[in-house]
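*Asks:* What follows is the residue order along each chain.
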Amino acid sequence: MAHWRRIVAKLHNLLANKHTEEDLAREVASHLTLLADDFERRGMSPEEARLAARRAYGGVEQAKQAHRDERSLLWIEQTIQDLRYGLRTLSKSPGFTITAVLTLALGIGACTAIFSLVNAVLIRSLPYGDPERLVYLFSPNASLKIPAEVIFPSYGDFYDIKREAKSYADMSSFEQAEFSVTQHGTTQRIGGARVDDDFFSTLQSTSELGRTFAGEDNQPAHAKVAVISHALWVSMFGASPDVLNRPIKLDGANYQIVGVMPPKFEYPFKSDLPYGDAHIESTLIWVPLALDSKAKSSRALVNNVSLARLRSGVSIHQAQAEMAGIMARLDKEYVADARDADAGLPREWGALVESFTGISVGPVRPLMRLLLAAVGLVLLIACGNVANLMLARAAERARELGVRAALGAGRGRMVRQLLTESMLVGVGGCAVGIVLALLFLRLLPKLDPGNIPRLNEASLDARVILVAIGGSLLTSLAAGLMPAIGASRMELTDFLKSHAMRGSSAGHHRLQSALIVAQTAMVVVLLAGAGLLIRSFINVESVDTGFTRSAVTFHVSLDQRYSKPEQRVPFYKEMMTKLEALPGVEAAGSVNYLPLSNSESIDFIWVNGFDNKDHQQTEGGDEYPSGCRAIFYGYRRLSHG
Amino acid sequence: MTPKWCKCSLECQLKKMPIQILQGTLDLMILRTLTTMGPQHAYGIAGRLQQVSDDALNLNQGTIYPALVRLEQHGWTRSSWGRTENNREAKYYTITRAGLKALDEETERWRQMADVVEKLLAEEQ
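Chains A and B supply the protein sequences, listed in that same order.
Numbering-wise (our numbering), the first sequence opens with residue 453 and increments by one.
Numbering-wise (our numbering), the second sequence opens with residue 5 and increments by one.
Isolated chain A, as found in the complex (with noise of 0.2 Å):
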């Protein structure tokens, strides 16, 4: 209690300063005035008695410095005195402290500007609940040379294991799908999905708007209705509060708008999916997957993803076994799928259960880590830098430091002070580097490579203030350190000797040579860095693919006006002819998917003449499974293959 009293006294002095220091003067008046009072007493002239009275009573300014430290806070009083001294010396020279700041504001706006990237990307949480324990279950097989997570289990299965595991709180199942919307006359093509009724409670996201689907929603029968993204909502309906049982059009066909959903929610996003539909970049759109009783049961594959949240202290583990077990008994109980059987798949779909933020951050996170890496290096770079600055600086006021500790002042307090300038620089530099950084997240987008999950949203948040601020402190104290030291190490007899205006030059040469070796080493790593990965990039760049670099892609999808092939066929003949006739195009072509793009479709196929025992994946049928794309007129002659 007395020790609290003590501090808060202390503190209140630090404030009340010039009201406490004249009531000391006034104090010690009267003391010395009592004190000659009773010199004069004994018989001393008024004179002597003053003078007798100033030897009893001792040095006054040691009285009142031993006050003045015992009744305030003195680390505050110096900590202020430093500053306001720093602030002075830095301004004398503004040549060093231009330098040294900008130095450091490049670290450190590089290193923020990163952070904030990572920040977005790695450590903010996604706007689906808990997303640590939502997974994908996927059935790969054993028999498809492909990658295990292109494969969902198939209706039938997917409601047997939603009807017998235990492992999940929700399960939702839903299928990507694109629409032709079509307001006040023009069409545009949306990514859209169409999601079963737990789909929204398995992502823990409510609508902003209005209701997501529930109840007689995903029945076929009353299957016409949809909720929006907020970004549909504010372009086509200029997020107008009466936007709620609207009608919107999709690939001709009404449908009744009961929601809108909040901002970031545009699930699933390019990236969220593991191989998921390339034209889709995100969906603004979802409409009732309303599956009837035959195509719940069905054991067909069909595009569909399997999303569940893990019950809390459930491990993804657990799950994969009681998933791998449930798979293994539908092994067991059911036959092929009839066009599985046919294309030589035997029914042996497996089990794999994968987190959903390992596929949806998991594939950027070494780039992440890459970036941060070489951004600290920058940083480091720079701290060598500005400690350098530092140690010249250093060597030159070796004079002006010799002096303040001829008069006394402490080797700590030294230290201090020139930390406390180097700090002042940090402060600066964090200051300029956060602009910086502002700057650079301005650019961000149009750097954008197209596959980093949420990249536009990178922002400066509390939490890359933070960083900011603590790796700017942490760098101006590393920078500020070994000369802060260095310079208070001199001896003092040796400068009075030599009058020396350089005292400990020796010692500063070898830290400074220390520090030079340390930045190059860091400056050669970081352009070996660069120079491999701009050499990668022109590799890349220069791969034949196959294709003139003249040729131009554009996407068409054709909605329910064309759903049989004859209607297909007269359609594309149609367009690649018109398309053929505009001048400057040489030739014209199309395929389902382009080259280079991470989707493909897959069949079998047969070669004669070929020995296909020898490429056999599949144990039932001599069949080739391949990667296959459709092309159509014309594609072979844009290629120059």
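You may find that some hints are simply not true.
A few chain A residues facing chain B, derived, Cβ under 7 Å [claimed, not checked]:
no., residue
1, His483
2, Thr485
3, Gly510
4, Glu513
5, Ala515
6, Ala518
7, His519
The calculated DSS-like cross-link candidates involving lysine-lysine, where the alpha carbons are at most 25 Å apart (straight line), are [said to hold, decoys possible]:
no., chain 1, residue 1, chain 2, residue 2
8, A, Lys722, A, Lys898
9, A, Lys462, B, Lys105
10, A, Lys784, A, Lys597
11, A, Lys676, A, Lys746
12, B, Lys95, A, Lys462
13, B, Lys95, B, Lys105
14, A, Lys784, A, Lys614
15, A, Lys516, B, Lys95
16, B, Lys105, A, Lys470
Calculated directly from the structure, the hints in this document are not laboratory data.
All residues carry an ideal CB built from backbone N, CA and C; glycine is no exception.
Put chain B on the given structure of chain A with help from the hints.
*Replies:* Same frame as chain A, but now just chain B:
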């Protein structure tokens, strides 16, 4: 009050040690002076200490200022400006209720300490 050790360099510690030991003792002596003599100014307290110690406690009178500040900040004394019999202004210190309690505790602690030291010294001989 537990003695606080200065956390600076060894050299500094050695220099300050006699004062550090004195510190707690000085607080105790000032509190005791204020209970026996009533409200008193710094000069009066210093004079009393000199008188009681038969001038053995040869300290500059300015030395008691830190102790006075400390006691007041702990809330053990209160100060106010007043006039002496000779109509000189002076700052008078008064012991508070908390100060009386602290004095009891400090006295007890001092006695225990003195006891321990006494016993140790007796053993030595």
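*Asks:* Next, verify each hint and record whether it holds.
*Replies:* How the hints compare with the structure:
With its C-beta approaching chain B no nearer than about 5 Å, His483 of chain A sits inside the 7 Å limit, and its interface hint holds. Proximity of Thr485 of chain A to chain B holds as hinted, the smallest CB-CB distance being about 6 Å (cut-off 7 Å). Checking Gly510 of chain A against chain B by beta carbon gives a least distance of about 3 Å; that is within 7 Å, so the hint holds. Of the supplied interface hints, the one on Glu513 of chain A is violated, with its beta-carbon coming no nearer than about 9 Å to a beta-carbon of chain B, more than 7 Å.
Hint status for Ala515 of chain A: holds, given a least beta-carbon distance of 3 Å to chain B, under 7 Å. Below 7 Å, beta-carbon pairs count as interface contacts, and Ala518 of chain A has one with chain B at about 5 Å; its hint therefore holds. A least Cβ separation of about 4 Å between His519 of chain A and chain B falls short of the 7 Å threshold, and the interface hint therefore holds. Proposed proximity of Lys722 of chain A and Lys898 of chain A is supported: the alpha carbons are some 18 Å apart, at most 25 Å.
Distance restraint check for Lys462 of chain A and Lys105 of chain B: the Cα-Cα separation of roughly 22 Å lies within the 25 Å cut-off, and the hinted pair is therefore satisfied. The suggested pairing of Lys784 of chain A with Lys597 of chain A holds, with an alpha-carbon distance near 22 Å, which does not exceed 25 Å. Between Lys676 of chain A and Lys746 of chain A, the direct Cα distance comes to roughly 20 Å. Compliance with the 25 Å bound is thereby established for this hinted pair. Using a Cα cut-off of 25 Å, the hinted pair Lys95 of chain B and Lys462 of chain A holds, with the two alpha carbons roughly 20 Å apart.
About 23 Å separates the Cα atoms of Lys95 of chain B and Lys105 of chain B, which keeps this hinted pair within 25 Å; it holds. Our distance criterion of 25 Å between C-alpha atoms is met by Lys784 of chain A and Lys614 of chain A, whose separation comes to about 18 Å. Under the criterion of a C-alpha separation no larger than 25 Å, the hint pairing Lys516 of chain A with Lys95 of chain B is consistent with the structure, at around 15 Å. Distance check on the hinted pair: Lys105 of chain B and Lys470 of chain A sit about 32 Å apart at the alpha-carbon level, beyond 25 Å; violated.
In summary, the structure is inconsistent with hints 4 and 16 from the numbered list given earlier, while agreeing with the others.
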